[in-house]
Structures are given as C-alpha cells and as structure tokens.
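*Asks:* Guided by the hints, dock chains P and Y onto chain A, whose structure is given.
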Amino acid sequence: MNLAFAMTAASPALLSIWLLPLVGAIVIWTLGPQLRRNAGYLGSAFVLVSFALALANFGAAGNATGLRAPLVTWGPGFAFGLQLDALSLLWTLVITGVGGLIHIYSIGYMWTDRAIARFFAYLNFFVFSMLTLVLADNVVGLLVGWGLVGLASYFLIGFWFYKPTAVAAARKAFVINVFGDIGIMFAIFACYAATGSIAFSDIFAKAGTFSEPLVLAICIGLFIGAMAKSAQVPLHTWLPDAMEGPTPVSALIHAATMVTAGVYLIARFAPLWNLSPTAQEMVAVVGAITMVTGAILGMAQWDIKRILACSTMSQIGYMIMGVGVGAYQAGVLHFFTHAFFKAQLFLGAGLIIHALGDEQDVRKMGGLYRKMPFTFAAMLTGTLAIIGFPFFSGFYSKDAIIYEALEHGHPILFFAGALTAGITAYYMFRMLFVTFFGSYRGDVPDAMLAIAPPVPGAYAAHDDGHVEHAPTWLMQAPVAVLMVPTVIAGYLTIGGESSPWYRYFGTLFGHGGNVAGVPLAIPEWASTIFVLVLVTLGIVVAYLRYGNPPALIGAVDRLRGEALKMPPVLAHAFYVDALIATAIVRPANALGGAISRYVDPHVIDAGVRDVAWVAGMLGALFRALQTGLVRAYALTIVVGAACFIAYFAYLGTAR
Amino acid sequence: MPVDIANYISLSTVIFFIGVIGVVTRRNPLIVLMSIELMFNAANLAIVAFSKLWGNNAGHIFVFLVVTVAAAEAAIGLAIVVQVFRRAKHVDLDEVAGLRG
Amino acid sequence: MNTPQLVIPYVSADYAALVPTFVVAVTALVVIVADLLTPKKMRRAANVAVGIIGLIAAGVLALQGWGHPIAAFGGAFVNGGFAIVFQEIVIVAAVFSLLMSYALGREDQSGGAIALMLWSASGAMLMAGAANLMTVFLGIELLSLALYCLCAMSSRPGARESALKYLILSSTASGFLLYGMALLFGATGSVALSAFANPPASSALFDIGAGMFLIGICFKLSLVPFHVWTPDVYEGAPLPVTAFMSVVTKAGTLAVLARFAYAALPSPHGAAIMLPVWIVAALSMIVGNVAALAQTDLKRLLAYSGIAQLGYIVASLAGTTAFGLRYAIFYLGAYTFMNLGAFAVVALLSRDRDEGSQLTSFNGLGYRQPILAGAMTFFLLSLAGLPPTAGFTGKILILASAVNAGFVWLAALLVVGTAISVYAYFKIVRAMYAQTTGAPIRRAVVPASALPWACVALCAVATLVLGFYPIVPSDVLPLVK
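Residue numbers (the working numbering), protein chains in the order written: chain A, 1 to 655; chain P, 656 to 756; chain Y, 757 to 1237.
Note that these hints are calculated values from the structure, not bench results. Cβ atoms here follow ideal geometry from the backbone N, Cα and C, with glycine treated the same way. Every clue listed holds true.
Derived CB-CB ranges, DEER-like: (1) A:V23 x Y:A801: 36 to 44 Å; (2) P:L685 x Y:V789: 30 to 38 Å; (3) Y:G1162 x P:E750: 45 to 53 Å; (4) A:L635 x Y:I809: 39 to 47 Å; (5) A:S16 x Y:L819: 35 to 43 Å; (6) A:L635 x Y:P913: 19 to 27 Å.
Chain A extracted, bound-state conformation (with noise of 0.2 Å):
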C-alpha cells in the first residue's frame, strides 16, 4: 500500500522552531508529576531556545522569499509546508520572545498551584498552535494553526476549572472563535475554488484574475474570522470575560499574541484587501467602532484585568484600522509595541493581583506605589507607552496610524483615532491613581464601595493559600526586561520610509491603496500634536476626577457615587452580551430545545433571532416529521422511490 504522500528534506532550523514547543508540551505533560516546579523552567526554555534560533535566522528570513521548509505533499496544489519571511519572523519573534518572558514570570505566578505542570503543558503546546498558524506557508496549516490556538486558549482560560465562570468564559470564547473559523474555512475553500492551490505563493500570483465579488467575498470570510479571534465589534464580548484564565494567560493570549492573529491575516492577505477597497473600508470601519467601542467600556470598568482587556480590544482596533486603511507597517507596528506594553502591564497587574491575595477590583486598591514601587514603575512605563506618551513606544505606532489614517483619506477615522488616544490617556490615569494614590483600600468594606455581593453558589475567590511564596525576582525580572522594548521598541520608525522597519518590510505588502485619496489638510507634526493635546486633556480630566488631593481624601465615597450611578448601557457593556448570547451562544447551546428560548426579552436584533428560530423549527420539524410509524416510513421511501423512478423513466425515454 503506497501512501500518497512524500516527506522532503526541510530546513533544520525552521523545523526546530516550530517542533521545539511542541516537543516541550509532550515532554512536560508526560513527566508532569515528576517536574513540579521544574516544568516551568523546562518549558521555559524550550520557547526560548525557539526564539534564540528564530533570532538567529533573522538574516535569512528577511530577504525576498524568506525561509522555506516544504514539509507534506498530498497531491497537486496540496503541499504543506513552513515560510519564515519578514511578516512571520516578527510574530515569532514576539511570540516566543514575549512568550518565553511571560513563561518565566508564570513560574512565579503559579508556584503554589498543584496543576504547575499541566499549565505548563498548556503554554507550550498553545505556543506551538501559535507557531503553527503564523509560519504555515499555505491557507490550510493557516486554518489548522487557528483552529489549535482557539483550542488552546479554551484549556487556558478554563484552567481553574473549578470556577463556573471561567469554564462559561471558556466555552464562551471556543463558540464565537468557532463561528469565525466557519468563516475562514469559507474564504479557504472559495481560494482554493478559484486557483486549485492551497499556497500562499500561488493564490497572491493568481489573486489579480480573481472577479471583484470573488475578492470581497473571501475578504469577508477572512474578515469574520479576523473578527471572532481579534475580539472586534460585535464578537469581541469573550475578551473581558476570558480575564478569568490565570493572568499570565491573559498577558500571552489575550494581549500579545493570539488576539492579533486576525491582524496577522489580514496583513498576510494584504495582496487580496489591496484588490478591494470595499472591504478596506469594511475592516477599517469595524476596527475604529472596535477602538472606539473599547475605550468607552474601559472607562466604566472597576477590575483591573477587565480595564486592560477593554485597552487591549481598542488598540487591536487601531491595529485592525490601520491595515484596514491599507496602512500595513503603520499597524503591523502597533502590533510590535503593544506586545511589549500590554504584556508588560498586564504581568504588573498580575504583581498586584497577587500581592493583594487575588483581588482584581481597583476599588479596594490604593496608595500602592509606596508598598510596590517597582509595580508602580512598570505600570507608569506600560501606561505612558499606550496613551501614547512622547518618546514611549506607543507614540510612534498609534501616531502613524492616526496620521495614516488621514493620508489615506479617511479624515473621520482620523479624528475618531485621535478622540480615542484622549480617551485611552483617561482611563489609563484613572486606573492609575486608582490603585496606586491615596489611602489603601483593601479592609473598606465592599458595601461602602458599592461593590455587588458574589451571586450565591458563584466559587469564591482562587486561594491557594500563597504560603509559600516564589522568589520575588521571578516575577519581576520579565517585566523589566520587558521595559526596555515598552519605551525604545519605536525608534525603529525614526526617519520615516527610510526606516529600518519600513526597509526591513520593503515591498511585502504591495501599495496599500488609495494614498492620493485626499490633499492633505494638515502637515504630520500637527496631526502630531493634534493628538497630544488631547492625550494631555485626557490625563488632566483622570487626574482633576481622581488624582488632585481632595479626590483621593474622599476617594471612598466618590468611588461609591461613581459605582451607583454608572449608566446601565456601559455597565451592561452595550448589551452586546446579551445580543451575542442570542445570536450565536445561545443558539449553540440550545439549538432545537424549547422554542420559548428564543423569543427572549433582552433580543435587540429580530433578524438574528428568525434565523435560529428557523433553525430550530426545522430541528423540531424533523422531529415531528419522524412520528414513529411504519407506514409513514414506508410512504416516505415509496415517495422518494416515485420521484426517482420518474427520474429515470424520463432519462430513459429522452435518451
């Protein structure tokens, strides 16, 4: 029995890259009870030995091709197989770079947990989903990696799964990802339809013969992928529910890396959105809603982790908006930096998460900076670099797309992007004086702070006990090593299309689009300041509300009356909740049950609800269709037999 199919000779160091975490998940998950602790160290290294030899290829991956690693042929226009070029170089750099940190951080974090190992375990294999989907060379591994790092990201978020909340946030999170991976799976198959090629290589030299609807139509599909994994409006409620997975799951996914996958596919696709600037705008669009969106929630947010998850789903807006508008290195670029602020902010929160026993509510916070100072420091650097500071990472990338923005001839998103960058400097600051100026918080009562009681039956706070406690250089050595990239990571930029980002990218995304869109109204250096002038105004406002003396003397209350007269639509978070608990959650999970389910009370959208009405009428009509009996049966064999039968009566006489 001949197998159809031939393993070819691959680079070495491309396939260690990518194997080299999977070789760690198996390792560690069947010597787990043996390691212990030792399981961090171990997965540790195997993610950062990846990134050594990704490092070392840096060279080789940037020139025009990159590095190639055929792998598996199964037939014609069926090879499989790995490419390392500029674009993937950079997110495996980030993901095994900000990966390994958080790997090592997370040795700390869960020194007390008896499940280290599996956690671990999961790390690295979601690693390697990660890896997966950013080195394949061809739509499928595209597919297969996506599908893997939702699954991985279901058992990280659903790692203390003893709490009912974070298996619902879980599932939550597999069912809107499962439904953007329908997407996907359409625009592959419609990919392959139209060229008999599942390579990247191929279907970007045929992309130019696609017909117009044809592009958009696999944009689209792409996009609602995009869209599921990169929490964009509306399928972007699991990201402040998944917060409940451990906090350094929270940095390396839900920060990072796995949300701006859909940045990646987008900017991966770039030879296709280029053919269609329908759906450019389309994707710029969703992305500012998404941005702007992000930013009000946040500032209605109390939990620490949920403020960062609402920051993280705006910047992904603005990284969605400037590829979307055609501006790839500008967001690509906010990509890069991000990594580093968010995950940096985020494993601070997680300092202060376990400092504090594991409260996340930054009302019981307060007057932290003089207990944990070196926090403190991390978080003002994570802060200043995602508002947007002069001089702060973040600066650079947010300016470039805002200003792209308008170059490309989008003059609203450029004010909404602008708007937004005041309104992120807002709640950044609030989060900050929160938790860290005035008194100390923590044995105020919850009912003084307006702080709702737990539902009954809801599990109570993860304890450990936390007796024994990790050496405290664990935790911290990561986040000053991430410091360093938060505040220079772009400089890279400085000098504009001579820059050695911009050279280093050269001609891999084609030309963006419509830049003569548009005569210029405004010089870059004013947009420039345009944008800082509102950022300063949205500093001013967190700090008149809760930074001056007579705000943090009163804190107590203030923070009460601001609890109790939060206004329900952002408390509520929109309602988008409630509107994709319709739409897609609550169809999964009770498709065809009772159809009083779904004429529900909080149904904003009728079209959505006819649609799983249909869909589960039909299931009930097949149901009923089935009553039991022979005869039934048997007429509806003869039936189909009858229409058959004249099938072939005609065919035999026409013939």
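*Replies:* Chains P and Y alone, transformed into the frame defined by chain A:
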C-alpha cells in the same frame, strides 16, 4: 403458442406495485410481510421471463437464490413479529411506535 | 457418446479470493461451539476472544491479496485493492464492536450475538468484492438478515420494535433493489456488472432498472429521503449493534455503489444516471445535520450525524474521479474511527440494559471523567470536521475532490452542513463541561470494562494520526472483471 414477453413483465409490474401498496397501507404485520413477498416474487417472475428471453441460465440460478433468501427473510420476520406481539390480542403495526422523534 | 464428466469449474485461486470471508463466517461457527464448551464464568471472554482472533486472521489473510487482483468465479467476486480496503474497514469495525459488546448484553446470549455479528460482517466482506448482481444481493441479504436478528436480541424495551421496523422497511427497499436487478438483467441479458457498460437493449429498461437498484442502495446508506428508518433503529438496537451497523452496512454498500458508479455504467450516460444520488447526498448533508440539532439521545444524534457523514462520503464520489474515490475511502476510514470512538464512550457510560445514551448522562462528565470527556470532545471535533483531526483532513480532501470534479454546489452545501453540525455536536460538549444546576445523573464507568477503554484509546490515536498523515490508498479503482 409462446406468450409475448411484454405480458410477463406487465404482470410482474402489477404484482410489484400491489406489494408496494400493501406495505404502505396495511396495518397487519403479517400482511405487510406477505406484500414484501409479493415484491420479491414479482422480481422473480421478471427474472425468469427475461432469462427465457435471453436464453441463458443465469436468471434461473438467480431466482433460486432469491427464493432461498426470501424464505429466510420470512422466517426471521415471523419470529420478530411473534416477539413483538407476544402478549397482544391483535396485531397492529401502528401501535409499534415507541421509537420516534 | 457423451459421458457426463465431473468438472470442477473453478480453480483454487477462485476460492483463495474468498478465504478471508470464509474465515469470518467459519469463526462464527467456532464461537457457537466455544460457547457450548467453555464454563459459564469465562464464556463471554472466550467468545469475544475467539471472534477477535478470527477477524484479525481474516484481516491478515485479506492483506495477502494486495497487488494480486483476481476475478474469481467468472467475475462474480473481484478481489483487488478496492475490495481489500473495504474488507479491512469492515474487519476493524467488527473488532471494535466486539470490544464494546464485552461490557454489555446478557451473558447467555453472547455466543449467538457474536456469531450473528460475524456473519453479518462476512456479508459486508462479500459485498466489498461483489461484481455480479447475485453476489451483491447475497451479500446485502446476509448482512441484513443477521442484523435483524441482532436488533431483536436484547431485552431492552425498544429492541424488538427497532428490529420489526428495520425488517419491514429494509425488506421493502430490498424489493426495489431486486426489481431493479431484474430490469438490469432484462436490459443486458447478464447478471455481471461488466456487461452493463454497453447495454444492447432498451435504454428505458436499463435506466429504470438502475434507478430502482440505486433506491435500494440509498436506503442502505440511509440517504435522505430513504433515511427514515435510521434513527429509530439505531436508538432501539443494542449499542454494540448500532455501532457495528453504523459502519459495516455503510462500508459494504458504499463498495457496491462505487463499483457500480465507477465500473459498470455506460460511459457517456453514467453522469445522468448518478445525478439523483449526488442530489440525495446533498439533501443528507443538510437534513441530517439540521435534524441532529433537535436530538437529546446520543444514539439518535449519531444516527442523524451518520446520515450527514454518509452524505459527505457520497459527495466525494461525485463526478466519479479517481481522487474522489480515494478521498471517499479515506473519509470512510476516518469516519470508522471517530464514530466508533464516540460509540465506545457511550458504551463506557452504560450499564446492562441501561445505556448511557441520554444527553443528561453526559452532564458534568468533564469533571467526573476528564479523560473520557476529553476523548469524546476530540471525536466530536472530528465529526464536526475541525482540526486537528482526521475528520478535518478528510473534509478538506472531499471539498477539493468535489471542486475539482466541477460540483461546486455540492462543496458549498458541504460547508453549510458542516457549519450547522458544529452546533449539534457542541451541545454534547456543553453538557459535559457545563456546571448544571440540576444534579447530573451519576453513572459510574463500569470498572471491569477495560476493552471499551482500549477501543476509545485506539480510535483516538487513529483519529489524530490520520489527521496529520492522511493515508490515502492508491490502486483502489474498482474492477468488474
């Protein structure tokens, strides 16, 4: 006087459809089993007639095979009917509808 | 003077082609004898052991024929790569069903039940090589008659009803099949499939004959609208029998369909004759998945999912391309493992007479039996066609084959069906991992049943490995002479 092949085939078609109608309309499982036998034997009749038409023996062998299989089918069918209606006073297929949905 | 001479018309090579089938049939007899001879305590173990040894022997013997195609008995049974692949799938399914049956069923019935299962398997093995209407009919009836008895051989409430329904409806379909065979014979004057490629007589007779033949085939494959019997029969039959039926009848019938479509049809006209089959395959993909949404019993749900899965497999044959057949065989193999794996998980949740097939018995399984729940999730992922599973790989291949053959509408419907199915399967995953307000039905996994565990493990490994290394056998074009 040889009978035209069309007559055999017409007769066999009529018998076959009587069998089909019997399966769909009758509620007594025994009659349904008999109707199925009618369908089988209509096919047998057609095969024998065609065998005569083509002048080969394959059809005859086929018919013997079918008769044997049909006998086994009837035996198993009766056994299952007896099992299902062991305690019932009368037998009605419409009452055998516990599995549905 | 002509003195009648005793002539043995066939040579030993003819019989050699049938040896694997014989071995399985004779093993059934050995099981019955072993049932009489062994002491009561070890009777069931002995029966299962004998059955599995016989099946494995048959599997090894069947592989010996690889690369030596032969048309035995004047073309009645054509052995070759095609027949062997299908025979191996039947044997694998039978072995797994026996492993599952160890945990279930009444002690005193095991000998007869195992023998019937083996006979049924030998019928399917006969169908795998059948290239003549008589062998096809014999194989189908041998397969079905044994299954009627197997369905009835249980004291579960629905078992007899399922047997009666199966018997009546399946016999009716056999009637159509047989009448179709009669007309095909009338149109060509031969019972050999090889004679159909250029029918000499009336084309109307041939076409109607082919149509009625295909009705019977579609019934056995449970394609919509000939699927109505499937959920009821699957629900009522004992679990190992359901598992067996869901693979073995499909494999045998698919072999007949593929041989008919690829080798026996007049070439310019074959596409028009097969068109209704592709249409019912498309219907099955949609109806099967939509109906699965509303199910609360695992066996019924898997019945509907099986209807859809068979739709995918038949869709791969659309256009009768060489690659399509190879991909269909690959998907059938993948389906065998993922489907039997899911059934084995249900078997592990079962106690005698009380099968754990209600959706409620999966409530909270993720906390009580994390490994079992993980395996079930994996099988469901594969059935839904999501990576990293054999189901995903198989579906990609089928999509490619349908698109290449020009059946883009079929490929599009396949994607739609897949999308619907995700939600049907996800219902089970949700039940396993949700924190339910009501207490889950506590159902301990039977500790003594290591064999179904082995079944789960083997199926999971196979589903994973096939997902990464799709072993698509070559040399499997069906022959008729």
